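Chains as they are written, first to last, in the working numbering: chain Y, 225 to 315; chain L, 225 to 315; chain C, 225 to 315; chain G, 225 to 315.
Don't read these hints as lab results, they were simulated from the structure.
Just so it is clear, the structure is predicted and the values come from calculations on it, not from any experiment.
It cannot be assumed that every hint is accurate.
Identical chains share a label here; the pair holds if one copy fits it or two copies do between them.
[Unchecked claim] Taking lysine to any residue pairs in the SDA-like style, the calculated list, with each CA pair at most 20 Å apart, reads: (1) Lys234 - Glu305; (2) Lys234 - Val309; (3) Lys234 - Gly274; (4) Lys234 - Glu298; (5) Lys234 - Pro258; (6) Lys234 - Gly271; (7) Lys234 - Glu261; (8) Lys234 - His264; (9) Lys234 - Ala257; (10) Lys234 - Glu293; (11) Lys234 - Glu283; (12) Lys234 - Ala272.
Residues per chain are reported as follows:
There are 4 protein chains.
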Amino acid sequence: MSHLSNDSQKLVARIRRIAGQVAAIERSVLANAPCSETLHLAAAIRGAVGGLMDELFEEHLLAHVAAPELSPAERAAGADELLTVLGRHFR
Amino acid sequence: MSHLSNDSQKLVARIRRIAGQVAAIERSVLANAPCSETLHLAAAIRGAVGGLMDELFEEHLLAHVAAPELSPAERAAGADELLTVLGRHFR
Amino acid sequence: MSHLSNDSQKLVARIRRIAGQVAAIERSVLANAPCSETLHLAAAIRGAVGGLMDELFEEHLLAHVAAPELSPAERAAGADELLTVLGRHFR
Amino acid sequence: MSHLSNDSQKLVARIRRIAGQVAAIERSVLANAPCSETLHLAAAIRGAVGGLMDELFEEHLLAHVAAPELSPAERAAGADELLTVLGRHFR
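One chain only, chain Y, in its complex shape (with noise of 0.2 Å):
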C-alpha cells in the first residue's frame, strides 16, 4: 500500500473496519444470536457504509468537480458522474 495517498490508506482501513462488521453479522447470524442483536450489528454496518459514501462524496466532488486545475470538459464530466451515482438519491 506504500503507493497509495493518505487519503487512499484512510479509505482502505474504513473499508476493513466494515468487512469486519460483515463478518461479525455473518457470526451472529450463524449461532442464531437474538434478532435484536442482528438488527443492531445492520444498523451499525449501514451507518459506516453512509460515512463510506460521504467521504467518496467529498472527495469526488473536490477532487473532479471543484479542483481549480481541471478543464470545463473534465469538470462537466465529474459533475455528471455524481449525479449519474446520486441521482435521484434523495428520494
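Assemble chains L, C and G onto chain Y, guided by the hints.
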C-alpha cells in the same frame, strides 16, 4: 412570478404541491383518519421533499460548482456550501 | 380540536410547523434567495418530515401491532400496513 | 449450517454477497480505480445493506411483535427493541 426563471417556476410549482400534501395530512389527522392513511400521506410527502432536494442539489452543483464561468473562489464556496448542507448526509 | 387526543394535537402542531417551513421555502424561491439558503430550508423540511414519520411509525407500531388488546387479525393487518408503507424503505 | 432455518440460510447468503461487495471495493481503492467506480460500488453496497435491513426489520416485526403466540411482555419487548434500533431513523 414573471421575473422568475423557468427553473424557479418549476420549483415553486413543486413546492406548492408539497404544501397541498401537507394541508391534506393535517386534514387527515383532524378527521381522525386511520393511522395507516396518515402514514401513507407522510411517506408521500417524504418522497416529494426528497424529489425537491434532488432538484436543488442538481441545480446547486451545476450552477455553483460545475459552471465553467465561475471563479476558483466562487467554485470553492459553492462546493463548501454543498458539503455543509449534505455533510454527513449519508450516515 | 377539542375532540382530538393529546397525541393528535401534538401531530397537528408538528404538521403546522412543517406547513410554515414549506411556506418559507416558497418565499425564498420567489425572492430569488441564494441557492444555498433554499437548500438549507429544504434539508430542514426533510428533517422535520422525517421526525413526523418517526412519530407516526411509533404510534402505529404501538397502537396497531403491539397493543395487547388487539385481535390476532387486527394485529396481522397492522403489521401488514406497516410493511406496505415501509417495505423496501431502507433500500 | 444444517441447523439453520431457511430464513437464516437466506440471510447468510445475503450477508456473504455483501462481504464480496466490500472485498471488491477494497480492491478498487487499492488498484487506484477511478473515483466514480468506487462511488458506484459504495452505492451498491449501501443498497444491499438497505435490503438486509428491510429483511431483518420484517422478520423482527413478524416474529417478535406481531406473532399471535407471544405473551404481552414479549410483544412489548419486541416493539421496544424495534423502536430502539429504528428510533429517529427517518429523521
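For each hint, the structure was consulted:
In this assembly of identical chains, the alpha carbons of Lys234 and Glu305 never lie at most 20 Å apart, being 23 Å within a copy and 24 Å across copies at closest. With identical chains, the CA atoms of Lys234 and Val309 are never at most 20 Å apart, being 22 Å at best within one copy and 24 Å at best between copies. Proximity of Lys234 to Gly274 under the C-alpha cut-off of 20 Å is restricted to the intra-copy arrangement: shortest distance 15 Å within a copy versus 24 Å between copies. When the C-alpha separation of Lys234 and Glu298 is checked against a cutoff of 20 Å, the pair qualifies neither within a copy, at 26 Å, nor between copies, at 29 Å.
In the homo-oligomer, the alpha carbons of Lys234 and Pro258 lie at most 20 Å apart only across protomers (17 Å), although the nearest pairing inside one protomer, at 33 Å, exceeds that limit. Taking the closest pair of Cα atoms, Lys234 and Gly271 come within 20 Å of each other only inside a single copy of the chain (17 Å); across copies the shortest separation is 23 Å, beyond that limit. Proximity of Lys234 and Glu261 under a CA criterion of 20 Å is satisfied inter-copy only: 18 Å between copies versus 28 Å inside one chain copy. Taking the closest pair of Cα atoms, Lys234 and His264 come within 20 Å of each other only across two copies (19 Å); inside a single copy the shortest separation is 25 Å, beyond that limit.
For a Cα distance limit of 20 Å, the shortest separation of Lys234 from Ala257 across copies, 15 Å, qualifies, whereas the shortest one inside one copy, 32 Å, does not. In this assembly of identical chains, Lys234 and Glu293 lie within 20 Å of each other by CA distance neither inside one copy nor across copies; the values are 24 Å within and 34 Å between. For a Cα distance limit of 20 Å, the shortest separation of Lys234 from Glu283 inside one copy, 12 Å, qualifies, whereas the shortest one across copies, 31 Å, does not. In this homomeric assembly, Lys234 and Ala272 come within 20 Å of each other (Cα to Cα) only inside a single copy, at 14 Å, whereas the closest approach across copies is 23 Å.
Of the numbered hints listed earlier, those contradicted by the structure are 1, 2, 4, 10.
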